[in-house]
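Kindly produce the complete structure, drawing on both the sequences and the hints.
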Amino acid sequence: MMAEERITPHMRQQAHADAERAAALTGVTVREMSGSEEEAQVIDLLALIWGRTADNPVVPKEIMRVLGKTGNYIAGAFLDGELVGAALGLHSSPERSTLHSHITGVVPGLVGKSVGYGIKLHQRAWALDRGIEAIEWTYDPLVSRNANFNFNKLGAVPVEYLENFYGLMADTINAGDLSDRLLVRWHLLDDSVSRLAGGDRSAAAPAEGFAVAIPDDIEGLRVSDPDGAREWRGLIREQLTSHLNSGARIVGFQRGTGYILQHASTEGEQD
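Per UniProt numbering, the very first residue in the sequence shown carries number 1; after that it's consecutive.
Please note: incorrect hints may appear among the correct ones.
[Unchecked claim] Here are the simulated distance ranges between beta carbons:
#1 LEU48 <-> ARG230: 39 to 45 Å
#2 ASN56 <-> THR8: 41 to 47 Å
#3 GLU20 <-> LEU162: 22 to 28 Å
#4 GLU82 <-> ALA54: 19 to 25 Å
Honestly, the hints are just simulated from the structure, not real lab data.
C-beta: ideal position from N, C-alpha, C; glycine also.
Rendered as structure tokens:
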């Protein structure tokens, strides 16, 4: 069955309704950004959020212009007419029916206020309109609020642990740390994802398994104890890659506990 047949008109309508409701709850308006002037606003906002200078932008203006011209996802969130959040996504290879969400950011004063959630649901509706069945992105596995957001609020699932994926990053958020990332995939047609988007939090029921703990606030630790933060990077890399390479899989995340993993299934094996 083709993607266009799997994605029904009702799914698209419901996705837009979910996105509009999420945005309304935070008082923001999320829309596509187009043209060089609006793209420049996105570049400036992302530079502000990541603490980049004009000569070291998160996305160069030439690349942003090409991405906009070729029909990729560029969106902004506005509060009282002011741009307070933005996201950029790139089409993956056609056979994968996937959008790669490269970056999503919200101004510091609104982090944790569900503005990012409104942006992601807008991105979901945008993708379904174009026959895209999944969205992938990477995030720092040490940042507990992002892990909680991705697993429990959106229903994304882990795909791959990527060691030092971007190399050293010269910005205030990463603070010179190694850029290990966890690649996650958001299956837009999954029932659990749809229920979460509709506000049903029971779809994110706690998983059972063993835990790999992470710090509650790695970003604060990078400021107060940079050496300690770097030790956490090495520890989590070692633990997660060791478990994943042995066949375990990450099945959830719990605040205050960490990642929940399950060992490879032994169903059908005999002692």
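We went through each hint and held it up to the structure:
For the pair LEU48 and ARG230, the supplied restraint of 39 to 45 Å is violated, since their beta-carbon distance comes to about 26 Å. Between ASN56 and THR8 the beta carbons are some 44 Å apart, a value that agrees with the proposed interval 41 to 47 Å. Range check, GLU20 to LEU162: about 34 Å between beta-carbon atoms, so the 22 to 28 Å window is missed. For the hinted restraint 19 to 25 Å between GLU82 and ALA54, the CB-CB distance of approximately 20 Å keeps it satisfied.
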